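Chemist: Listed here are the chains, written in short residue letters.
2 protein chains.
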Amino acid sequence: MSRWEPGAEERLSRAAMELYSERGFDEVTVAQIAERADLTERTFFRHFGDKAEMLFGGGGHFIALFVDAIASAPPGPPLSAISLGLYAAAADFEPRRPFVLERQKIINSHTDLMERELLKLSALAAAMSAALRDRGVPEPQASLAGWTGLSVFHTSFATWVSSDGRSFESIITESLAELKVVAAG
Amino acid sequence: MSRWEPGAEERLSRAAMELYSERGFDEVTVAQIAERADLTERTFFRHFGDKAEMLFGGGGHFIALFVDAIASAPPGPPLSAISLGLYAAAADFEPRRPFVLERQKIINSHTDLMERELLKLSALAAAMSAALRDRGVPEPQASLAGWTGLSVFHTSFATWVSSDGRSFESIITESLAELKVVAAG
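Line by line, the protein sequences give chains A and B.
Take 1 as the starting number for the first sequence in our numbering and just add one per residue.
Take 1 as the starting number for the second sequence in our numbering and just add one per residue.
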């Protein structure tokens with residue numbers, strides 16, 4: 001096995017999800033995940049800090065989805081840039097719906113994993129705020145917009161997971177419209 | 001010492017803050033906190049789960065501030081109820097500013113404590129959303145408003161902590177106005 005096995009991250013994720021579903025998260029070891037993926041434990045630890053981290057997108061891919069879209073958005077109000085980030089994430093999640101639902105079921109079954117998910121979301125809000133500041137958005141607007149973007153993502157994600165076949169994109173559009181109503185008071 | 005020592009929670013908090021400041025959070029034990037407060041360790045554990053929890057308002061007082069204000073708000077749009085919660089929290093924090101700043105310094109010096117703070121904030125968003133649902137606000141509006149309220153609190157708190165003498169109330173008012181601008185896009 002080469003040091004930089006192509007597709008290793010995806011193979012490890014897939015193997016882990018299979019094993020978590022079959023045996024329960026607590027019962028699965030890193031050694032078993034590596035074996036199922038036909039890779040070594042060392043390869044596992046080059047990609048993930050531990051067996052929980054792999055549920056949260058590993059190498060920052062999740063947050064990069066939002067941040068890259070914000071960074072490359074055309075000039076305009078902060079929420080327009082945030083919206084592009086939300087739609088980029090929706091487009092990434094949509095085709096992986098079965099995987100995402102399965103992963104969410106595992107996360108929701110463990111307090112520790114739910115806590116880790118919340119921390120990831122906080123990191124996302126902070127990263128979106130920073131991406132806006134990089135575009136010259138002043139404080140407190142940048143922080144407000146970053147956290148408001150998280151509100152929309154968090155709420156839309158919950159709707160998408162529990163809905164039966166509605167597109168993530170259309171749910172984001174609806175949540176953004178609701179946000180305007182809520183914020184207008 | 002009686003089983004229900006009056007003011008025990010406040011005495012323990014004050015003792016803990018003194019010791020954390022003097023010796024650093026890691027160096028302080030629950031036994032030392034109880035001794036400084038002239039109370040027993042058993043009394044400590046009737047009020048707090050551990051020495052970190054006491055930094056986060058112990059028995060749910062922090063979250064109750066918001067939830068009680070939302071529950072007793074006059075009929076109106078969700079953000080009006082949320083705003084009353086934000087102002088109630090600001091009024092509670094303002095006279096305790098030296099304590100709050102000291103506590104924040106301790107929290108910001110430990111990753112574990114910062115993580116615990118973020119989890120508390122997530123719990124606050126969820127509690128505000130639930131308080132709105134109890135008032136008949138439908139989903140996804142209730143969740144959006146709860147998390148948006150958190151955005152305003154989180155951003156305003158950061159401004160208040162780093163500002164020199166501006167009132168928390170006026171910062172909340174400003175953030176709510178900024179939110180309208182941000183959300184209108």
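Rather than coming from a laboratory, the hints here were simulated on the basis of the structure.
Note that the coordinates shown come from a computational prediction; the quantities given were computed from them, not determined experimentally.
Where hints are given, some of them may not hold.
Label-pair ranges, simulated between beta-carbon atoms [to be verified]: (1) G136/A - A158/B: 38 to 44 Å; (2) P75/B - D50/A: 34 to 40 Å; (3) A64/A - R135/B: 23 to 29 Å; (4) R14/A - N108/B: 37 to 43 Å; (5) R14/A - S162/B: 43 to 49 Å; (6) E10/A - S162/B: 51 to 57 Å; (7) Y87/A - P75/B: 45 to 51 Å; (8) A71/A - K105/B: 42 to 48 Å; (9) E53/B - H110/A: 19 to 25 Å; (10) R96/A - A130/B: 53 to 59 Å; (11) E102/B - G136/A: 33 to 39 Å.
These stretches of chain B come out as covered by chain A in the derived footprint (C-beta under 8 Å, 3 or more residues) [claimed, not checked]: (12) 9–19; (13) 40–49; (14) 73–83; (15) 145–154.
Even for Gly, the Cβ is constructed at its ideal location relative to N, Cα and C.
Chemist: Looking only at beta-carbon atoms, does the pair E53/B, H110/A fall within the given range of 19 to 25 Å?
Modeler: The hint (19 to 25 Å, Cβ to Cβ) holds, given that E53/B and H110/A are roughly 21 Å apart.
Chemist: State, for the Cβ atoms of R14/A and S162/B, whether the hinted interval 43 to 49 Å holds or is violated.
Modeler: Because 45 Å falls inside the window, the suggested range holds.
Chemist: According to a criterion of three or more residues whose C-beta lies within less than 8 Å of a C-beta of chain A, is the region 40–49 of chain B covered?
Modeler: It is violated, with 0 qualifying residues against the three required.
Chemist: So does Y87/A sit 45 to 51 Å from P75/B, Cβ to Cβ?
Modeler: violated (35 Å)
Chemist: At the C-beta level, are R96/A and A130/B separated by a distance inside 53 to 59 Å?
Modeler: violated (30 Å)
Chemist: May I ask you to test the hint 51 to 57 Å on the CB atoms belonging to E10/A and S162/B?
Modeler: With a Cβ separation near 42 Å, E10/A and S162/B fall outside 51 to 57 Å, so the hint is violated.
Chemist: 34 to 40 Å was suggested as the range; check whether the CB atoms of P75/B and D50/A agree with it.
Modeler: violated (49 Å)
Chemist: Checking C-beta pairs, does the region 9–19 of chain B have three or more residues closer than 8 Å to chain A?
Modeler: violated (count 0)
Chemist: If you look at each residue in the region 145–154 of chain B, do at least three have a Cβ nearer than 8 Å to any Cβ of chain A?
Modeler: n = 7 at 8 Å, threshold three: holds.
Chemist: If I claimed the Cβ atoms of A64/A and R135/B lie 23 to 29 Å apart, would that claim hold in this structure?
Modeler: Violated, at about 39 Å.
Chemist: State, for the Cβ atoms of E102/B and G136/A, whether the hinted interval 33 to 39 Å holds or is violated.
Modeler: holds (34 Å)
Chemist: Can the suggested window of 37 to 43 Å be confirmed for the beta-carbon pair R14/A and N108/B?
Modeler: holds (39 Å)
Hint compliance for this structure: hints 1, 2, 3, 6, 7, 8, 10, 12 and 13 are not met, and every other hint is.
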